[in-house]
Each structure stands twice: as C-alpha cells, then as structure tokens.
Amino acid sequence: MMTPPASVEAPRPTLIQRFHRLSLGRWLVILIPMLWLAAFFFIPFLVVFKISLSEAMIAVPPYSPLLEWDPDSAFATLRVTFGNYLFLFESRFYLDAYLSSLRIAAVSTFFTLLIGFPIAYLIARSGPTSRTVLLSLVILPFWTSFLLRVYAWMALLKKNGLVNDILMSVGLIDEPLQILQTDFAVYLGIVYTYLPFMILPLYTQLEKMDMSLVEAALDLGTKPWRAFCLVTLPLAKPGIIAGCLLVFIPAVGEFVIPSLLGGSDTLMIGRVLWDEFFLNRDWPLASAVAIVMLIVLVGPIMFMRNGNKEAV
Amino acid sequence: MKQHSLALKLSAGFGFVFLYAPIIALIVYSFNESKLVTVWGGWSLKWYAELFRNDQIMSAAWVSLKIAFISATLAAVLGTLAGFVLSRMRRFRGKTIMAGWVTAPLVMPEVITGLSLLLLFVAMENMFGWPAGRGTTTIVIAHTTFCLAYVAVVVQSRLASMDETLEEAAMDLGAKPVSLFFLITLPMISPAILSGWLLSFTLSLDDLVIASFVSGPGNSTLPMVIFSKVRLGVTPEINALATLMILIVSIAVIAAIVIMRRQNRFQKP
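Those sequence lines, one after another, are chains A and B.
With the UniProt record's numbering, letter number 126 in the first sequence gets 126, and the count goes up by one each step, no holes.
With the UniProt record's numbering, letter number 183 in the second sequence gets 183, and the count goes up by one each step, no holes.
For reference, chain A alone in the conformation it holds in the complex (with noise of 0.2 Å):
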C-alpha cells in the first residue's frame, strides 16, 4: 500500500468529505466500481504477463499451461519460458516497429501541439458566446467517429481523391502525388484525429491565465515574441504537458490510422500486435509485444496522472 511522504501534507478533508465518512454502506459504494476495474482492468494485465511467458502450441487456446500436472508424481512442474522476449529484442523487426511508433507519434505530437495553440489560445481569449461557438465546434470532431474521421482522409488523399485534383489543378503538381499509403498520411491522420484531445487541456489552462501579467510585460516594453515565450508558455506548461501525454501515449499503440492510411511498410507496433495475434495466431508473442509496450509507456501514463493527483 502506497502512503505519501510524511513531508507532504495531506489536504484537509473537506466538510462534506468528512460527512461520508468510512462505514460499511461506504465502503460498498467504494468496492462496487473498485472490483470491477480491479477485475476487468488491472488483472487482465497480470493474464497478459503470465501468457507472455509460456509458448505458443496448436491447441484451445493456443499456448502452454505455465503449471503441468504429473499424473506419476502429483506435482507440478513451473515452465516459464522468456522466449518471447528474447525473440523481441533479437529481431531487428519489433525493435524497429517500436523505434518507429515512438518516432511517428513524438512528431506527430509535436504537430498538434503546433497546430493546436492558436486555437485553444483564441478560443480562451474570446468573449462568452463564440468561446461556446468555437468549443462546441472543437468537441464536435472529438464525439464524431474516430474510424469514420480516418475514413474521410483515405477520399480525399486517393491518386484521383480531391486533395491531388485541387493540387493538379492549382498547376503545383503535373501527375497526381502518392499520399495514401505513406507515412505521411499517418502524420497527418494522427494529427486530425489526436488534435481535439490536445486543445481541450490547452484551453483548460490558457482560459485560468491571468492576462494582465502578459499586459504588464508588453507595457514595460517587451517584444510581443518574448512575452509569449516568457509569460504565456510557461504559464500554460500543464496544459501543453497534458494534452501532449493525451495524443502521445494512445498514438504509440495506434492500430486503424496506419493500417487504413499507411503503407506496407508502415511500421507501427499497434499493427504489428494485431498481425501476430490475429494472422498468426501467435498469442504469447503477441502478449510479450503488448507487455514491453506496455513498459515503455508506463512512465509517461504515471507522470499524467500525477497530474491528475490535484483533483484528487
């Protein structure tokens, strides 16, 4: 059980936190939504670690028991096999699909934070009734179907889809540009898709600043670059940290956008543990890759919801 540092002080609790105070009929109220994630989120990921370890067979399900009876002895023998990972990280190819994933989602991140501040930023910044307008307009793509949203990109990027017929048109291209199927259009899917999630805690933020200290800043003469970069980026830091985790950690897994708008050669890890599960039926590797992915995200899922620790 985890007990915070003696060092931090433990916030007050409120008058009505202290009203519910900690009897039987609470405690249900607290194990009814616990159990049910403590059974269909937290143990499926020890179910995942223990199939990680054994090895695939033709059988239902396909892999081996970790405990095998003997019927002569009556005891049971432990097979625990690393294998599976072994195999991972001596094959260039998972290494590669991991590099790549991480790769693909930090750029594409980084685009939507780009594209996404000036909107959150007007958005904060206007009056009552268009900041309604204009959030309504941002939550509206974000309740909208993700598959149906990737979907629309795959018309309009075909050889003969209308962005090529607006570029030929235009006379900037002279035969239509392979976009489809590229790790381009996997950027660019990313970006679409991901980019509600980033403005929303950006908004959060930018809406809580005190304006006047950027008006204080410009009135002792600052250049308008400098206070930007001086009063507004670091007083909007959570808000950049938080909708910067939202897009990265979910885009690293991320299976529909590559496989509708990427090419073959689109590496990424999501798809690759689709392949291994659903084409190859092999479900130990395919719980190795899930586990070491899992691993390599902890870090940032923990760091956000220190984050989220404040509204506790």
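Fair warning: there could be bad hints in the mix.
To be verified - Pairwise CB distance ranges (calculated):
#1 A:THR14 to B:LYS66: 37 to 47 Å
#2 A:LEU235 to B:ARG53: 54 to 64 Å
#3 A:VAL170 to B:GLY216: 46 to 56 Å
#4 A:GLY127 to B:TRP130: 55 to 65 Å
#5 B:SER5 to A:PHE93: 48 to 58 Å
#6 B:SER5 to A:PHE49: 17 to 27 Å
#7 B:ARG93 to A:LEU213: 33 to 43 Å
#8 A:GLY127 to B:LYS35: 43 to 53 Å
#9 B:TRP130 to A:PRO65: 16 to 26 Å
Because the hints were derived from the structure by calculation, they are not lab data.
Note that the Cβ used here is the ideal one computed from N, Cα and C, for glycine as well.
Starting from the known structure of chain A, fit chain B onto it as the hints suggest.
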C-alpha cells in the same frame, strides 16, 4: 496584443478548416450519384437507399446500438460511483490506486486493452466456465470498463467545480448520507451523468479495436463491418452511413452542450 490578432486568427482559422474540411467533403460525397466516389455525377440519395437495403450493415448497426445502450448505462452507474468516491469521500487506503485505475484506461492503447481483456475472458472461461464463448456480453463488459473511466472523469470534475454549500446546508439540516446523495448531489450532477452517458454511447458505438478482440464469430459490430469494407477502398454506401452517424452525433452533442450550460447555475461563485 492587437498586432497578434490577425496571425492568430489566420492560424486558428486554418486549424478549424483542417478539422472540418474532411467531414464536409465526406458529407458532400455521400450525395454523389456516381459510383466512383471522387467523380461528381450530380446530387442523389441513392446510396442512402442502398444503405438501408444492406442487411449486413443494418444488423451490425442493431448489434452496436444494443451494446452501446447497455454499456453506456452500466458505465454511467459505475462511473458516477467512482467519480463520487474520488471527489467526495475522504482519503482512504487505495484511493490513489483507484484514481490511477480510473485515469489509465483513458490513454491506454486500445490494442493492449483489447488483448488483455480477451486473454482474461479466455482464462475465466477455462477456470469458471463463464463467460461461455465471446459475444455481446464480453463486448459489453469491455466497453463498460473503458467508458466508466470517461464518466468518472466528467462526474469528478463537475463535482470539483460545484458549489458545496447546498450539500453542506442539507447536512446541517440533518439529512442522512444516502438521502443527501439522492436528493441533493445526484440532481446537481445529473447533467454531467447524462453527458457522460452520451459520450459512452458514442465511444462504444465507435470502437473497432477492442470489439474485434473480444467479439466472437457472428457478432460483428458496425465498426467491424465498416472496417472490413473500408480496407478495400472508399465506398459510397459508407459515405452515406458516415453522414447519418455524424448527423446523429451532432444533434446529441449540441443537446449535451445546452444541458451542460444550464447546469452552470450550480457552479462555484
């Protein structure tokens, strides 16, 4: 900051065009007469008629709506409990862990969630004989789990921004904890629960990856059918389907925003 205005407006404007251009193109193409999706052949509703005649899509849509309705409802109940516990109950052992379990599913890559739930269901079936096979039940459990997190976050943030004096007044007047919750807290957060329900409904309706892992044969959801069609290329029927779904979601979102705005009167001063 006036000299920044134009640059800011231009770049933000570019962002909004970027957000909406693909959606608008999709809607326009759904009314295209021509079978070649990108060649304009005049306005027509024929792909909508075609869509409603497609039994595979229609039955998958029905399966998805059913799953979304049940999952959203379960997630609304469990998520409200979780959000309430996190913001209105004093610190207890495990509260930090619970906070982590509530936030982590929001960012967890779907392939990991899907794989881990499937392996859990297989292990459970071997040990207890339940759930027997995979289908609607397993998809509902999976969707409830990740939607629960969204509801909890929405409810928790509403409770945090809400004025506590009403609850304190009821407390002073001698309300029991249970009646305090049902008479004061629940009505005050009901708009948040409703919008959490709507969000869960759309998320469940949209999920491809997790459903693909935990569904059984013959239990294809709508996104699974769309994905298998779309993989082969752009089709006019899917454009029509997408337009209808965007329309429904837009109405729901606008309704949710109006509801949430009405709730502002309970906000902290």
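Next item on the list: Any hints from earlier that this structure breaks? Give me their numbers in increasing order, please.
Entry: Number 6 - this is the single hint that the structure violates.
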